[in-house]
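Enquirer: Chains as they are written, first to last, in this note's numbering: chain F, 1 to 365; chain C, 366 to 730; chain D, 731 to 1015; chain R, 1016 to 1355; chain P, 1356 to 1628.
There may be inaccurate statements among the hints.
[What the hints assert, rightly or not] With a Cα cut of at most 16 Å, we get these calculated EDC-like pairs of lysine to aspartate or glutamate:
| # | chain 1 | residue 1 | chain 2 | residue 2 |
| --- | --- | --- | --- | --- |
| 1 | F | K180 | C | E677 |
| 2 | F | K334 | F | E312 |
| 3 | D | K789 | R | D1347 |
| 4 | F | K334 | C | E703 |
[Stated by the list, open to error] Just a few of them, taken from the derived set where beta-carbon distance is under 10 Å, the chain F residues facing chain C:
| # | residue |
| --- | --- |
| 5 | T288 |
| 6 | G310 |
| 7 | E312 |
| 8 | T319 |
[As the list claims (entries may be wrong)] Pairwise CB distance ranges, derived in the manner of DEER restraints:
| # | chain 1 | residue 1 | chain 2 | residue 2 | range |
| --- | --- | --- | --- | --- | --- |
| 9 | D | G872 | R | A1287 | 33 to 39 Å |
| 10 | F | G11 | D | V748 | 28 to 34 Å |
| 11 | P | R1539 | D | F926 | 48 to 54 Å |
| 12 | P | I1487 | D | T768 | 54 to 60 Å |
| 13 | C | T722 | F | A325 | 39 to 45 Å |
No lab work stands behind these hints: they were computed from the structure.
Quick caveat: nothing in here was measured; it's all calculated off a predicted structure.
Think of the CB as a built atom: it goes at the ideal place given N, C-alpha and C, for glycine as much as any other residue.
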Amino acid sequence: MQRDTLVSFEGVIKRFGGFTAVQKMDFEIKKGEFLAIMGSSGCGKTTTLRMLAGLEAPSEGTIRLSGKPINHLPTWQRDTPMVWQSLALFPFLNVRENVEFALKMRGMAKAERRQRAEQWLDRMQILEFADRNVAQLSGGQRQRVALARSLVVEPEILLLDEPLSALDAALKVRMQSVLKNLQRETGITFVYVTHSQSEAFSMADRVVIMSRGVIEQIGTPQEIYGAPRTRFVADFLGSSNIFTGKVLAASQSMVEVETPDGRLALGGGNLPIPPRQGDTATLTVLDTKTHLSVSRPTGAANIVPVRVIGEEFVGATATVYLETAKGHEIRVQKSHDELAGLPLDIGQELFVHWAPTDSHLVAEA
Amino acid sequence: MQRDTLVSFEGVIKRFGGFTAVQKMDFEIKKGEFLAIMGSSGCGKTTTLRMLAGLEAPSEGTIRLSGKPINHLPTWQRDTPMVWQSLALFPFLNVRENVEFALKMRGMAKAERRQRAEQWLDRMQILEFADRNVAQLSGGQRQRVALARSLVVEPEILLLDEPLSALDAALKVRMQSVLKNLQRETGITFVYVTHSQSEAFSMADRVVIMSRGVIEQIGTPQEIYGAPRTRFVADFLGSSNIFTGKVLAASQSMVEVETPDGRLALGGGNLPIPPRQGDTATLTVLDTKTHLSVSRPTGAANIVPVRVIGEEFVGATATVYLETAKGHEIRVQKSHDELAGLPLDIGQELFVHWAPTDSHLVAEA
Amino acid sequence: MRRAISLYGLTFSLPLLVWQLLFFVFPLAFLVALSFWTVKNFTMRPDFDPVNWVTMFGKPVFWQAYGTTVALAASASALASVLAFPCSYAITFKLSDSARRWAIFLMVIPFFTSYLVRVYSWQIFLSDAGIVNVILGWFGLGPYSMLNTPGATMVGYMTLSLPLVILLQLFSLVFIDRTLIEAAHNMRCGRLRTVFEVVIPSARVGLVIAALFCFILTFGDFVSPVYLGGGDPTTLSILITDTTKSGQQWPRAAVIALTMIGTLLAVAFLAVRFAYAGQAKGARK
Amino acid sequence: ADPTELTMLAWYGHAEPDIVAEFEAENNVKFVPKYYTGGDNMLGLISQSPAGTFDVILSDAEYVQALNAAGYVEELDPADYALDDYFPEFQQFPGNWQDGKLFSLVTRFGFLGVAYNTDALTEAEAASYDVFWDPKLTGKVGHFDWHLPNLGQMSLLTGNKIPYDIDEAAWEAVKEKTLTLRPQIGGFFDYGGTFSSLNDGQMLAFAGIGDWITGVLEKNGAKVKSVIPEQGGLQWSECFSIGKGSAKADLAKKWIQYITSAKGQAKSAQMAAYPALIPNQKGWEVLQAENPAEAKRQGMTKDAGNAIDMIRAGRIQYRQWPIQQDLETWNDFWSEYKGA
Amino acid sequence: MSSEAINRNRAVDWSLRAYIVLSYAFVFAPIAASFVFSLNSDRFPSIPLGHFSLEWYQAVASDPLVWQGLGNTLVIGVIVGVISTLLGFGAAYTDYRYNFFGKQVYLALALLPPTIPVIIMGLAMLAFLSRIDLSGRAISVIIAHVVICAPFAMAIIRLRLSQMDPALEPAAWNLGASEWATMRHVIVPFTKPAIFGALFITMAVSFDEFAIAWFVSGLNETLPVKVLGFLQGQVSPRINAIGTFVFVISMTLVILAQVLLSGRTGPTAADKE
Ligand SMILES: Nc1ncnc2c1ncn2[C@@H]1O[C@H](COP(=O)(O)OP(=O)(O)OP(=O)(O)O)[C@@H](O)[C@H]1O
Ligand SMILES: Nc1ncnc2c1ncn2[C@@H]1O[C@H](COP(=O)(O)OP(=O)(O)OP(=O)(O)O)[C@@H](O)[C@H]1O
Ligand SMILES: NCCCCNCCCN
Ligand SMILES: [Mg+2]
Ligand SMILES: [Mg+2]
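If we strip away everything but chain F, and leave its shape as in the complex, we get (with noise of 0.2 Å):
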């Protein structure tokens, strides 16, 4: 399906005195998708989102809403609204107040607002709190009334910032499902900060992963997942082994690295430009695509023998944690049943293996 662009980021740069917080963004925004914006603290999420509800003006570059070029609008004059960490509720205006101001500050009639707002409110299930005052309620229901006062306004887009960061840990999946569920319904074009991976790959349709005020890559939950491009991107997902060595042989179709670890290949029409012998090269290969055995495997390309340092119980699957001879941590996740036949205790000695086709290459930095 291919969607019209509603923003886009052209070249833009944002520094705060001498310290650059995004360095020269340049992504696009489609009409109705829902795209999560993820990185560690301090790559510059929210400041890309304030940039966008004009909050802050880019140091350089443009950015475009449905192509007009909005870098000196005053925020109040621009219809991006937000949803923000902390809600930013007005406490001492009751729920149905709160998603009346917007429509107040366009100068719309009492009446009319006040049904407007009552339709958002019943959207949302709250209605029967309208009178409450916002302390009286709980988590979610303030959730649900930020959403609505953003959302009553009715815009093409809606910006959020993290908002469920502060709900615990049964309240945030179930937001998580009304979040998606609208964004579908509506079809409003969400963009959505968050540091949490479950929360960017369970919503989105498009994820963009910011390092340092950098894009390292922009693509669907299971690209990014399945093959991530660079080694930051690899390393923040925290679900790949990593390895680095010199390409001894590379082909369209076929790369041999010499790591510490050992040789390892990798192939299968994975590679547009292959890197040239002799290069540095690093390829990754998820932690559940990789094998234990007791046995060197024969006919396997990638062996490498570890030793069983722990184990890590995580539901329905457990983490085992290995290390090669020269001290590189290796890491395989199966299901409970994969690795009841293995012995695991500590320093137990055991063969590591993957297919080629599931190693990719990344690039570093």
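Starting from the known structure of chain F, fit chains C, D, R and P with the ligands onto it as the hints suggest.
Expert: Just chains C, D, R and P with the ligands now, kept in the frame of chain F:
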């Protein structure tokens, strides 16, 4: 391995005014074990720990440390150092002085305590920050200072109250292995309060699950995860599907229960005391033990027709949310590979099934 | 977004700036100018003559008064801090929440009773035949001469500053993280020792600021030294009023006032430095 | 019609109802008083207020010169006032006149001597300034906190006939003598402090004051009294002027006429705030008729040894500015003395 | 609270509580005595007491100067309260919202005046105001009192602003409210309790201030200046009567402020922790 008892709670009750925070608690902590205490907020975890540390006196019952009752020993006469959630580092002392504090209170000479403190700072890899103010450290470094400060007296037991909850996800995982290793190397008994399942299950030798001041289950992580003993535990861990109904037939090896979602069977030597016919029974099955199929599977014992309501993408696995005709939610967790072949559009009709041996009876309440 | 200050911003920031410039900075600046004026026959003349500075600084009585005032204010700060601490400590740690709220409320009341009236009241307590001596008399003690002594001045200073010192100490004590105290106990630090090892260091900024405020208040006060101390010994505040009473010597009074301001600024600077000493910049987060 | 407001700058008491009520009623006037706490305070207030702020100004005689020099008061016409009724010594009162022009009119006066607690001292003991050095008074002697009356008394004690007109040697002697008194002193008090410390026995003797304090306290039953000691006493004198630029100079004149008339003078003598002697002979007569006890207590009777006789006998000297020293010199010494 | 049973010592606790009582006794002794003596017949109060009498209240009530002083005090207090609160609000908002070169100096100007001894302030004010023909009038007291009161208002309102979720103001802009509209619909409503609190506290401060007012008030004496006058001149239990009276007014204001400052104002950023 049979270990000696270090601490025992004998009929310990703690009341605050009219409210009973801990109800008749009986359990033992073994020398050298890593014991985690888990439970939802307000269930009495901290209170239990504080009684052990001498910060609260039990209202009834006896707490013994190495066999000696310690109910009324003031805190400062026990060796039960604690690591606080807030860390409780002294902001007016530098790192070294913080670590020396307990030694100073014991009247140790300056040179000696300095040496001991540095030894621990070194061990915790923060010696280089010895002269820094604690405010100048990162979260993980502060955590290490807190550990060093408590461990410097080389106690028999260390109490930890949600020590990692203020850290971000990545740091949390890293500190978990620091803690686990430390416990293994020193052999000190750790009593670790948390409400994170993943923390408790990945570090502890045994886990205590509490609810409203009562111990619901004590056991190894595998025991508890695989066979929750009460509905509370099953619910709390969140990885089981739970069904309640009337017992139709019951024998030593097999029980049949009539639930709103259909007739369900369980069995296979799991039933020390089988329920009687006509009783209400609650049975659980792990979401990883349930299977999905497009057509009604033949020969399976437990089959429930369902409709898809959503899918959640969580790293290596995905959880499919389904709904029975009665509106009861069922979850199925599978790897992406396993789900690949199934149609999972919202509203799609499917069948959930599982083996009777994967079901367990749990106690209500 | 923090843009440059706009018309909107100026509307809020300028009025106070203008007011304080006109009516605070200018008067103080004028005081400086005034200190160089000369007086002849009850009339002041604009001038630029350091004579007032030379005269005042050359007078032994000025330095005597200066020493006395600094000593009195410093003693008052020390005394108030020591007297207030057990009280604010007990209010913080030994009272229930509601009792503590009441205690704070009650401690605010003195701020709204006239200090003059309270000092006048103390005269009745402290005089030779006053309430205190009458009560002591019941036990066969006294009478003691209390009024018109530095001790009585100190009573007045305590009347002036103790409520503020207690409140300021209280506010720094209630914000002490209780877990720090528990942590200290947990590391074998007994009750009393915890006060010195943890409570006082934690509240240090507040304790120093409280003492500083006591110093500022008592350093400039003229009511207690006059009405309880009997004007003896002479403090700087008395010297100021005396100076204005003698042939319109306002320029000389300005010299005293400016010396007092200088002293206070220096003391405040040192106290704040001491309060925050050892606390790294990052500590405030 | 609303009463006309007349502003008066004065010592406390002069615009209280016991004095002004009758005049206010007769002339539909309302006094707005500003009470000052010392001559310098008064000068300060005038100099820092716009001209014409004060219609009537009451000032101690020595300050009238300063008022005059600064041009703060209007010239008066002697013909407007019943000066002929005054005792002769008060008709040409120094300070009221300048180059033959009248600027103010003395309205009341009093004597400063030794004030003492009658339980602690006998009148005979108090009859010399030396009593201040009495060991039993250590820490119990108070000063009214103003150099002029105190140093004037010390000057009398050291044998100066005109206490304010003394040469350097005599001044040195005064200083030396005064400093020896310092250990005896229990405090330096303003008017209020003087009142209360004498009343409650906090101080047993006082220098620099007279009946204007003890008279009030006596009326309240306190055991205090003032005497003019053998070395002689000082005289304070309060004078009325009309403020420069007053828009109500006529009314102000009327007030001065009223308060210097026999009737007004009798009132003034009995002022509730503090009693005083009056310079108007006819006023004495009215007082003797109205309140013989008070006339007797204050010595405004026809008996020998009355107040005017004391003046005539040379036992009383005017309080005035030091003549051979600067005012500053005296004041600086006073500060030094206090700080000693 | 919690370690009660184990880590506390009853004797220590009770002696500390007794010490609290002693401290409060010291603080309240003169206040209580002044109240008692205001109802006592003796002009120069001493022990034993005379008889009960309302004469001092009557004397006060029948003294037109006292009424005039009270009127001055009230008018001045109200005007000072309003101006100080306006100025303090502006300064508090400036500090909250803006960063600019010289902000430290600005804040020093906004907060320093109360630390200058009143006698010096009075002296400087009188000397200065008389130069520009502004002394000796009610407006002189107002000017001087605003100088020392505005910092209190600023502190109170700034404290409230610091409890405000910093996202609140941008959230309002983001919802289409201009800066002025946000001021009217968000900042002012949020700080309203503090605004009234500041109003009452600054009025109370002005009601009670005598030293500066004594210097600059000229003919328009306020009630506290009258008290000083009584103390300097006519020692009289009227001091106690006026003191008691002023106390009642001030306390009323303070309690009003208290109620407003702690009233139902919804959650603050702080409670959301
Ligand atoms: N107003 C500002 N002035 C100076 N530096 C700023 C400002 N706002 C943000 N920064 C800096 O810019 C960088 C990016 O900040 P931003 O808030 O966008 O991070 P973020 O990705 O949202 O982080 P988080 O996950 O912690 O919210 C940070 O280093 C931050 O300190
Ligand atoms: N000092 C106290 N006074 C009154 N009630 C208390 C006190 N301390 C704890 N409680 C109550 O006892 C119960 C158990 O508290 P506790 O702190 O042990 O819970 P917890 O399991 O540690 O919870 P959390 O996970 O939120 O830390 C709670 O309901 C709490 O409100
Ligand atoms: N409160 C007014 C007293 C005035 C007395 N005047 C006489 C001056 C004595 N030194
Ligand atoms: Mg952010
Ligand atoms: Mg807890």
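Enquirer: Take the hints in turn and mark each one as holding or not.
Expert: Do the hints match the structure? See the list:
| no. | hint | verdict |
| --- | --- | --- |
| 1 | K180(F) x E677(C) | 11 Å, holds |
| 2 | K334(F) x E312(F) | 11 Å, holds |
| 3 | K789(D) x D1347(R) | 9 Å, holds |
| 4 | K334(F) x E703(C) | 13 Å, holds |
| 5 | T288 | 4 Å, holds |
| 6 | G310 | 7 Å, holds |
| 7 | E312 | 4 Å, holds |
| 8 | T319 | 9 Å, holds |
| 9 | G872(D) x A1287(R): 33 to 39 Å | 36 Å, holds |
| 10 | G11(F) x V748(D): 28 to 34 Å | 44 Å, violated |
| 11 | R1539(P) x F926(D): 48 to 54 Å | 52 Å, holds |
| 12 | I1487(P) x T768(D): 54 to 60 Å | 21 Å, violated |
| 13 | T722(C) x A325(F): 39 to 45 Å | 41 Å, holds |
The structure is inconsistent with the numbered hints 10, 12, although it conforms to all the rest.
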